[in-house]
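For chain G, the structure is supplied; the task is to place chain F on it using the hints.
Line by line, the protein sequences are chains G and F. All residue numbers for the first sequence refer to my numbering, where the first residue is 49 and numbers rise by one. All residue numbers for the second sequence refer to my numbering, where the first residue is 26 and numbers rise by one.
Treat each hint with caution, since some may be false.
16 Å max Cα-Cα, derived EDC-like pairs, lysine to aspartate or glutamate [unchecked claim]:
| no. | chain 1 | residue 1 | chain 2 | residue 2 |
| --- | --- | --- | --- | --- |
| 1 | F | Lys95 | F | Glu178 |
| 2 | F | Lys192 | G | Glu78 |
| 3 | F | Lys95 | F | Asp43 |
| 4 | F | Lys95 | F | Glu179 |
| 5 | F | Lys192 | F | Glu179 |
| 6 | F | Lys30 | F | Asp43 |
| 7 | F | Lys192 | G | Asp58 |
| 8 | F | Lys192 | G | Asp57 |
| 9 | F | Lys95 | F | Glu33 |
Just so you know, the hints here were simulated from the structure itself, not pulled from any lab data.
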Amino acid sequence: MNPNDRDLDDLLGDGGGRFGNLYRRLPRYEPPRRLDRAVLGEASRAVRNGKPPRRQRWIVGIGSAAGLVLAAGIAWRIGHEPMATDAGADRVRVVPVQPITESPRARHDDEPSRETPATAPQSAGASPPPSPDAIGQRSDADTVRRARKPLPGKPAPRPVSTPQPKAASAASESAPPPAVAPEAFPQPLDAEAEAGKSENATRPAASAPAAKSARSGAAASDRLHRAAPPTPPSSSVELQRDMQLSPEDWLSRIRELVRQDRRQQAIESLRLFVRAHPDRPVPADLQPLLD
Amino acid sequence: MGSEKTDEELMLAYAGGDLLAFELLYRRHRGMLYRFLLRTLRHRADADELFQDTWSRLVAARERYRPEAKFTTWLLQIAHNLIVDRYRRQRPQASEAETDAVFRELDAGEAERPDRVLSEFEERRRLQLALEDLPEEQRVAFLLRVESGLGLEEIAAVTNAGRETVKSRLRYALARIRARLAT
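Next comes chain G alone, as it looks inside the complex:
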């Protein structure tokens, strides 16, 4: 056998033959430490900064989807909160108002300012007017937002306020909106007034009892706005509840307040009753409350 072939067979054998053995006796060089650090550092950075493994991408995707669902749920909840508030009036307990101290001028002065954001774009021609439904939705949402936090530039509604002198009421004609935030005005009053106005405008000759009660409600509301003697504040929620009672029940409720020694509350409720039902005589036992 040729020595080259023999050496090759030896080399390819397990031991590597003569030359394999000789090679293994050569110095066994190792890479320097700095290369170890460089390579391991690069491998580490690649794992940290590189694309995450697929299972981690799953987690990121699921997390993002869950976040979107949560955000949508919160937005939906906020959008529907006014209805829930109306349905459960007893949940609304801390909206302090002065429902009968507001001067009519202040009330009417404030209305354009509330309308301005909706009408300004129309006059500017920047965008088509929103549909009535859209406006209604927006005003509902605005009502909730404004009930939750005071508008900038307006003082926050105070839980308890002192009776305002007429001078202050007059000053409110030219001054910014009064201390009484219109948004804090009992919602049924506004609703009734608005409903009454629309009823009067569209059905001037209505004679049905429903129309009559609507007119009387509108008249009462209007009078509330026009003649508002200073009265101590009370809980709008309780007054709101009183207004939803039938006249007889309302009077019974006032008597109950007297019995509970809540005279101030009874006075306020009775004054409201008189304005809401001007054609009904005040019972004699409650007459002293108006004196």
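Coordinates of chain F only, in the frame set by chain G:
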């Protein structure tokens, strides 16, 4: 526990983000790869550079690794490609004909004479010199065999050559080394 895993398992684990797997893999093969590069390139600076480049390429391609390929074959393929690129840039290569001519000039019989037996130290020195003088393809084939322990098929895969070609290169390399040891 992790050290009992195969190279391929460790590489897959690293591709999945297991840095410890890479460290084990690196410890196993760093010396072999470094010596292969150092003796192929003959300059420490070049060996250092290509050593780091080889691992960098491996790290960058970790997600494309498939366990069907033996890890050492894949690692040495990367290194070999870098070596080829380096040689292409640096200098022209000796052709097969030139190496054959050198081979024919060698007097194998002379090298077998007893008075030519060398000390072990001298043998190692001459082996190193012989390796340095080998044409690149023969040196690579020889080193892949003696340093990395690859068989003919694996050397053929790494160097992208045929099995018989690898066998021929090894035969020539051995003849040259033997001649060098004999002088």
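Quick rundown of the hints versus the structure:
1. Lys95/F with Glu178/F: Holds, at roughly 12 Å.
2. Lys192/F with Glu78/G: violated (29 Å)
3. Lys95/F with Asp43/F: violated (19 Å)
4. Lys95/F with Glu179/F: Holds - the C-alpha atoms of Glu179/F and Lys95/F are around 9 Å apart, at most 16 Å.
5. Lys192/F with Glu179/F: holds (12 Å)
6. Lys30/F with Asp43/F: Holds - the C-alpha atoms of Asp43/F and Lys30/F are around 13 Å apart, at most 16 Å.
7. Lys192/F with Asp58/G: Status holds; Cα separation ~13 Å.
8. Lys192/F with Asp57/G: Distance of about 10 Å is within 16 Å: holds.
9. Lys95/F with Glu33/F: The given pair, whose Cα atoms are some 7 Å apart, holds under the 16 Å limit.
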